[in-house]
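Asker: Read off the chains here:
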Amino acid sequence: MAEVQASERPARAAPARANAPVLEVAGLKKHFPIKKGLLSRTAGHVYAVDGVSFSIGEGETLGLVGESGCGKSTVGRTVLRLIEPTEGSIKINGTDVTKLGKGDLRPYRREMQIIFQDPFSSLNPRMSAGDIVGELLHVHEIAEGKDKEDRVAGLFERVGLRKSQMKSFPHEFSGGQRQRIGIARALALNPKLIIGDEPVSALDVSIQAQVINLLMDLQKEFKLSYLFIAHDLAVVEHISHRIAVMYLGKIVEYADKKTLFTNPQHPYTEGLLSAVPIPNPRIKREKRILQGDVPSPVNPPSGCHFHTRCPYAQARCMVEAPALKQIAPGHSVACHLR
Amino acid sequence: MADIDHKAELAKAGAFVEGWWGSVFFFIRRYPLGAAGAGIMIVFVLSAVFANFIAPMDPLQTNAAASLESPDSTYILGADKMGRDSFSRIIYGARVSLIVAVSSTLLGGIIGVFLGLMSGYLLGWFDLITQRLIDIMQALPLLVMALVMAASLGPSIENTIIAISIPLVPHAARVVRSSTLSLREMPFIEAARAGGMSELRIAIRHILPNTLAPLIVLFTAQLGSAILVEASLSFLGLGVPEPHPSWGRMLSESAAEYVRSAPWLVIFPGIAISFAVFGTNLLGDALRDMLDPRQRS
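If you read the protein sequences in the order shown, they are chains A and B.
Residue 291 in the numbering used here sits at position 291 of the first sequence, with consecutive numbering throughout.
So the numbering used here is basically just the index in the second sequence, starting at one, shifted up by 338.
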């Protein structure tokens with residue numbers, strides 16, 4: 001497929017500025033208004049994403065982890081402008097796309113694609129697998145007819161599907177195969193960045209490994225960058241280079257994989273890590289299981305959002321929100337105690 | 339735990355069905371009533387299409403000598419007051435009924451689908467206004483509304499079609515709107531948007547085809563009710579005008595005066611109407627069961 005894809009690629013978005021990260025997100029916020037009553041009065045906001053900054057370089061994977069409802073998926077969708085951000089900026093290859101209109105945004109759509117969690121609802125049940133993948137080539141006027149067929153066939157083979165399966169409809173595939181179709185669709189436009197919104201959490205463990213390995217192979221082959229959203233730390237550890245831990249709309253810890261797993265600094269990260277099972281019954285360790293649920297993002301706790309569940313919480317934590325500060329090169333934590 | 343005969347279960351679910359004829363036989367075995375309905379509809383469609391060959395006489399040709407002739411070898415189902423052959427008129431009447439039913443369903447369906455799709459996809463003020471208009475339309479009884487339409491537009495085949503199609507609009511619009519509302523939040527729509535597709539393309543290529551299953555059921559049911567409404571309008575003198583043969587008017591012309599002296603003029607058109615409606619209803623029910631996995635037993 002490499003030859004097929006490497007051939008002429010018309011009307012690309014602006015060429016990558018030297019050394020500019022593939023994706024740079026600064027101060028991203030998304031507040032969903034809560035409408036009430038007959039006149040749709042705004043009665044409050046859901047602070048789904050509340051000031052998130054990160055960047056992803058070429059060929060790099062950033063894992064974004066956190067519990068359900070912490071805003072990880074909203075980050076992914078906002079980066080793709082599927083949801084309009086309330087505040088902040090999103091830069092693709094150094095170009096700010098936050099304020100671009102629909103038409104101007106289109107070339108940048110080719111640079112970033114998404115793989116969804118649910119392999120069943122993410123494919124149109126009335127379109128054949130080949131059409132699902134090929135439609136993007138048609139819409140972006142990259143290839144038509146025989147050329148399109150060939151490209152789609154190449155993509156199918158690359159993700160481990162048979163060419164003959166192009167005519168089949170989504171319901172004829174298994175969950176893992178459907179996810180491969182989703183990956184082929186994401187690759188069709190030859191993007192720089194792929195956002196994986198829990199792309200393996202709906203799959204069997206054995207299939208998870210296959211899909212993760214496929215994603216990693218593709219990354220090497222096409223120098224892809226991934227924003228990998230997940231709640232399963234074992235999966236994230238395997239695929240990511242760096243990891244950002246999110247809690248109630250904010251990043252609480254941001255470090256490279258090794259540092260985060262060996263030397264977690266935020267009490268929330270500690271709690272998450274101690275929930276990962278270790279496949280060795282002889283290893284005894286102190287369990288620090290997080291108590292309670294994530295508080296509502298409609299009315300987040302004052303001060304440090306985590307103080308309601310934090311074992312070390314002090315008076316200061318309840319009034320003052322900690323800023324994300326660097327404690328070592330490439331390792332940032334948002335906690336008063338570090 | 340009872341043993342499960344996997345082969346039998348699979349056969350019941352249609353796993354071994356092969357080819358076109360295989361599907362036909364499977365449909366007949368699985369939905370015998372639906373197949374009967376389909377059979378009735380096929381008979382009606384064939385007699386409508388081949389009316390010129392089936393009908394023994396010209397349905398419009400009058401013959402004073404044969405006035406109110408009872409069924410015999412020449413006039414199989416008798417003749418009306420003007421001596422026109424009842425059988426031929428019923429055969430040609432199938433053509434009128436079918437044209438009216440199909441065109442009104444298509445017309446109402448297309449407008450309804452368009453409104454429903456726009457309404458569910460665009461939301462906002464367009465949705466609000468459309469939905470209130472549809473509420474108003476639904477508040478009026480179908481027959482009364484068709485009556486008002488037919489009376490104001492005057493009796494003709496075209497106006498009958500328009501009058502019958504209008505009550506279908508709110509039904510189709512509601513069905514499409516509700517499917518659209520749930521579909522527009524599906525990940526595959528987000529994927530299309532992330533791929534930079536236009537909103538029009540998403541609505542037509544990705545949402546519309548997924549709303550079709552409930553629509554097919556609605557349209558089959560509507561065919562039957564359109565036949566009935568056309569008959570009712572013609573019965574009241576507001577539908578298909580003379581001299582076109584219409585089952586409804588054949589019934590109305592004869593009902594008051596000749597029901598005792600020439601009952602065949604009332605009975606046979608009545609049977610034709612009943613069968614047509616019965617057939618579409620049976621077929622519609624079978625289609626509903628077939629397309630809704632929860633209804634399969």
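I should point out that these hints are in silico values taken from the structure, not numbers from a laboratory.
Ideal Cβ positions, reconstructed from N, Cα and C, are used throughout, including at glycine.
Honestly, I wouldn't trust all of these hints.
[Unchecked claim] Some, not all, of what chain B presents toward chain A, calculated at C-beta under 10 Å:
1. F464
2. T468
3. E528
4. G534
5. N548
6. P552
7. I554
Asker: Could you tell me which of the hints above the structure violates, numbers in ascending order?
Answerer: 1, 2, 6 and 7
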